[in-house]
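Those sequence lines, one after another, are chains Y and W.
Using this note's numbering, the first residue of the first sequence is number 1, and each one after it goes up by one.
Using this note's numbering, the first residue of the second sequence is number 1, and each one after it goes up by one.
Keep in mind the hints are simulated off the structure, nothing from the lab.
Just so we're clear, the structure is a prediction, and the values are computed from it rather than from any experiment.
Among these hints, one or two may not hold up.
Since the list gives no way to pick out one identical chain from another, each pair is judged satisfied if it fits inside one copy or across any two copies.
[What the hints assert, rightly or not] Pairs of lysine-lysine, BS3-like flavour, derived with a Cα cap of 25 angstroms: (1) Lys212 with Lys4; (2) Lys23 with Lys153; (3) Lys30 with Lys116; (4) Lys2 with Lys57; (5) Lys153 with Lys30; (6) Lys140 with Lys175; (7) Lys174 with Lys68; (8) Lys4 with Lys195; (9) Lys13 with Lys153; (10) Lys127 with Lys51; (11) Lys51 with Lys255; (12) Lys212 with Lys251; (13) Lys18 with Lys153; (14) Lys187 with Lys134; (15) Lys68 with Lys195; (16) Lys13 with Lys68; (17) Lys67 with Lys4; (18) Lys174 with Lys51; (19) Lys131 with Lys18; (20) Lys255 with Lys126.
Here are the chains, one letter per residue:
Protein chains: 2
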Amino acid sequence: MKDKLTVVKIGGKLLDNKQVLNKFLDSFSKIKEKKILIHGGGIIASDYLIKLGISPKIVEGRRITDKKTLDVVIMTYAGLLNKKIVSILQSYSCNSVGLSGSDCNIILANKREIRKIDYGFVGDIKKINTKIIKDFLSLKITPVLCSLSHDGKGQILNTNADTIASNISSELSKKYDVTLKYCFEKKGVLANQKKTNSIRKNISKSDFNTLKQNKTIYDGMIPKLENCFLALENGVKNVFVGNPDILTNEKNCTKLTL
Amino acid sequence: MKDKLTVVKIGGKLLDNKQVLNKFLDSFSKIKEKKILIHGGGIIASDYLIKLGISPKIVEGRRITDKKTLDVVIMTYAGLLNKKIVSILQSYSCNSVGLSGSDCNIILANKREIRKIDYGFVGDIKKINTKIIKDFLSLKITPVLCSLSHDGKGQILNTNADTIASNISSELSKKYDVTLKYCFEKKGVLANQKKTNSIRKNISKSDFNTLKQNKTIYDGMIPKLENCFLALENGVKNVFVGNPDILTNEKNCTKLTL
C-alpha cells in the first residue's frame with residue numbers, strides 16, 4: 001500500500017493576512033501524513049512593485065514578468081513569503097524547508113515563447129525532479145515550494161503555482177496516494193458568483209464543460225479547474241477546492257471527479 | 001580519515017557585480033570536494049532600503065534591523081541573492097540548495113538583548129543543526145546559506161555571515177577536515193591599509209593581538225579575524241582570507257594560524 005501524501009496549494013488573499021496565514025499554517029502543521037505546501041504570492045509582489053515605482057502588469061490573470069518585475073517576484077515569493085511560512089511552521093514543530101524550482105533542480109522549465117503576448121520571464125514546466133522531494137519527505141521534512149522554476153542555464157522563471165501543484169502531485173502519485181487541496185478565500189467553486197454560500201459540492205469533468213459553456217465558471221477559475229482535472233487524469237486520488245477549512249474537513253468544499 | 005570540506009564565505013562587493021559573481025561561482029563550482037557557500041548581501045539590501053524610502057542604519061559595521069528593514073533583508077538575502085546564486089550554480093552543473101537558518105531548523109538564535117544599542121531583529125547563534133547539512137553533502141547537494149537565523153518561535157533574525165561561517169565550520173569539523181575561506185574584494189589582510197598589495201601572508205594569534213594594538217587591524221576586520229581564530233580553536237584545519245583567487249590558489253592571500 002502506498003503512503004498517503006497531501007499537497008496543499010495556498011493562494012489568493014490568504015497569504016496577505018497575518019492572522020489568517022497563522023491559523024492556516026497551524027492547521028497545515030497538524031496534518032499527520034506526509035505533506036507539501038505550494039504558494040505564490042501575487043498580491044504582496046504587486047504591493048512591492050508599486051512601492052518601487054514599477055507598474056504590475058497582469059494579462060488574462062497571468063503576470064507579465066519583465067526583468068525588474070522578476071527580481072521583485074523572486075524577493076517576495078522565495079524570500080519574504082517562503083521564509084516567513086517556514087519560520088512559522090517551525091514554531092508549530094513542523095520541520096520544513098523552503099524551496100524554489102532552482103533549489104536541488106526541482107523544477108526545470110522553458111521560457112515561454114512569445115506568441116500573442118510576451119509574458120517575459122515566465123516558465124512552462126519541462127521536468128519535475130521528485131527524488132529530493134521524496135528524500136525530504138522520508139526525513140520528515142515538509143517541502144514548502146514557491147512558484148518559481150529555472151531554465152538550467154542560470155535564469156529563474158515565474159511559474160503559476162496552481163500548475164506547479166498539479167504537476168508535482170501528478171509526478172508524486174506514482175509513489176504516494178496523493179490528495180491535492182487548492183486553498184483560497186472562497187468555500188469552493190460557486191454555483192452562483194453572487195452567492196458566496198452557493199458551493200458546488202461536486203464537479204465532474206462533464207459538469208465542468210457545461211459550467212464553462214454557460215459561463216458559470218470563467219476567468220481564472222478555468223485554468224485552476226483544468227489543473228485539477230489534469231491531476232486526476234494523471235493519478236492523483238482526490239482533488240478539493242475550498243477555504244482553509246478543507247485542511248480538516250473535506251465536506252464543505254468542492255470535490256472534483258473525472 | 002575524514003572527508004575534506006571547504007566552507008566559503010562570500011561577502012563585500014563581490015555580490016554586487018554580476019560578472020565578478022559569475023566568475024566566482026564558476027570557480028566555486030569546480031571545487032571537487034564537498035563544499036558549502038555562505039553569503040550575506042549588505043549592499044543590495046541597502047540599495048533596496050533606499051529605493052523603498054527606508055534609511056539603512058549601520059552601527060560599528062552591524063546593521064540595525066527594525067521590522068521594515070528585516071523584511072528587506074529577508075527579501076534580498078534569502079530571495080534575490082540566494083536564488084540567483086543557486087540558479088547560476090545549477091548552470092555550472094553544481095547541484096545546490098538555497099537555505100536560510102529557519103529552513104530545516106539549521107540555525108537557532110536568540111534575539112540580541114538590548115544593551116548600549118538596540119540592534120532590533122538581530123540573532124546571536126544558539127545552536128547549529130548540522131545533520132541535514134551532512135545529509136545534503138552526502139546527496140552531493142551543495143548548501144548555499146544566507147545570513148538569517150530564527151528563534152524557533154516564528155521570528156526570523158538577521159545574523160552576521162562571518163559568524164555563521166565560523167560556527168558552521170567549527171561544528172562540521174567534528175566530521176570533516178574543514179578548510180574555511182573568507183572571500184572579499186581584497187587580496188588578504190593588508191599590512192598597510194594604503195597599499196592594496198601589502199598582503200600579510202600569515203597572521204598568528206599573537207600577531208593579531210599586536211596588529212590590533214598598533215591599529216594596523218581595525219573596524220570590521222577585527223570581528224572577521226576573531227571569527228577566523230575561533231574556527232581554528234574549534235577544530236577547523238585551515239583558514240584563509242583573500243579575494244576569489246583563493247578558491248584555486250592558497251598562496252597569495254592571508255593564512256591564519258594559532
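### Query
25 angstroms Cα cut-off: does Lys51 pair with Lys255 within a copy, between copies, both or neither?
Answer is neither; intra-copy 39 angstroms and inter-copy 45 angstroms both fail.
### Task
At 25 angstroms max between alpha carbons, let me know whether Lys13 reaches Lys153 within a copy, between copies, both or neither.
For Lys13 and Lys153, only the inter-copy Cα distance (24 angstroms) is at most 25 angstroms; the intra-copy one is 33 angstroms.
### Same-copy or cross-copy closeness of Lys212 to Lys4 [CA-CA at most 25 angstroms]
neither (32 angstroms within a copy, 60 angstroms between copies)
### Message
When Cα atoms must be at most 25 angstroms apart, do Lys140 and Lys175 count as within-copy, between-copy, both, or neither?
### Response
both (16 angstroms within a copy, 23 angstroms between copies)
### Task
Could you place Lys30 and Lys116 in one of the four classes (within, between, both, neither) given a Cα distance threshold of 25 angstroms?
neither (45 angstroms within a copy, 42 angstroms between copies)
### Query
When no copy is specified for Lys153 and Lys30, does a C-alpha distance of 25 angstroms or less occur within a copy, between copies, both, or neither?
between (38 angstroms within a copy, 17 angstroms between copies)
### Task
Using 25 angstroms as the alpha carbon limit, work out where Lys187 and Lys134 are close: within a copy, between copies, both or neither.
neither (31 angstroms within a copy, 43 angstroms between copies)
### Task
State whether the alpha carbon distance between Lys67 and Lys4 is at most 25 angstroms within one copy, between copies, both, or neither.
For Lys67 and Lys4, the Cα distance exceeds 25 angstroms both inside one copy (40 angstroms) and across copies (39 angstroms).
### Task
Classify it for me, Lys174 with Lys51: is the Cα-Cα distance of at most 25 angstroms met within a copy, between copies, both or neither?
neither (44 angstroms within a copy, 47 angstroms between copies)
### Query
Within a copy, between copies, both or neither: where do Lys4 and Lys195 come within 25 angstroms Cα-Cα?
neither (35 angstroms within a copy, 64 angstroms between copies)
### Task
Please work out whether the CA atoms of Lys23 and Lys153 approach to 25 angstroms or closer within one copy, between two copies, in both situations, or in neither?
between (39 angstroms within a copy, 15 angstroms between copies)
### Message
Reference check for the pair Lys174 and Lys68, CA-CA at most 25 angstroms: within, between, both, or neither?
### Response
neither (38 angstroms within a copy, 44 angstroms between copies)
The structure is inconsistent with the numbered hints 1, 3, 4, 7, 8, 10, 11, 14, 15, 17, 18, 19 and 20, although it conforms to all the rest.
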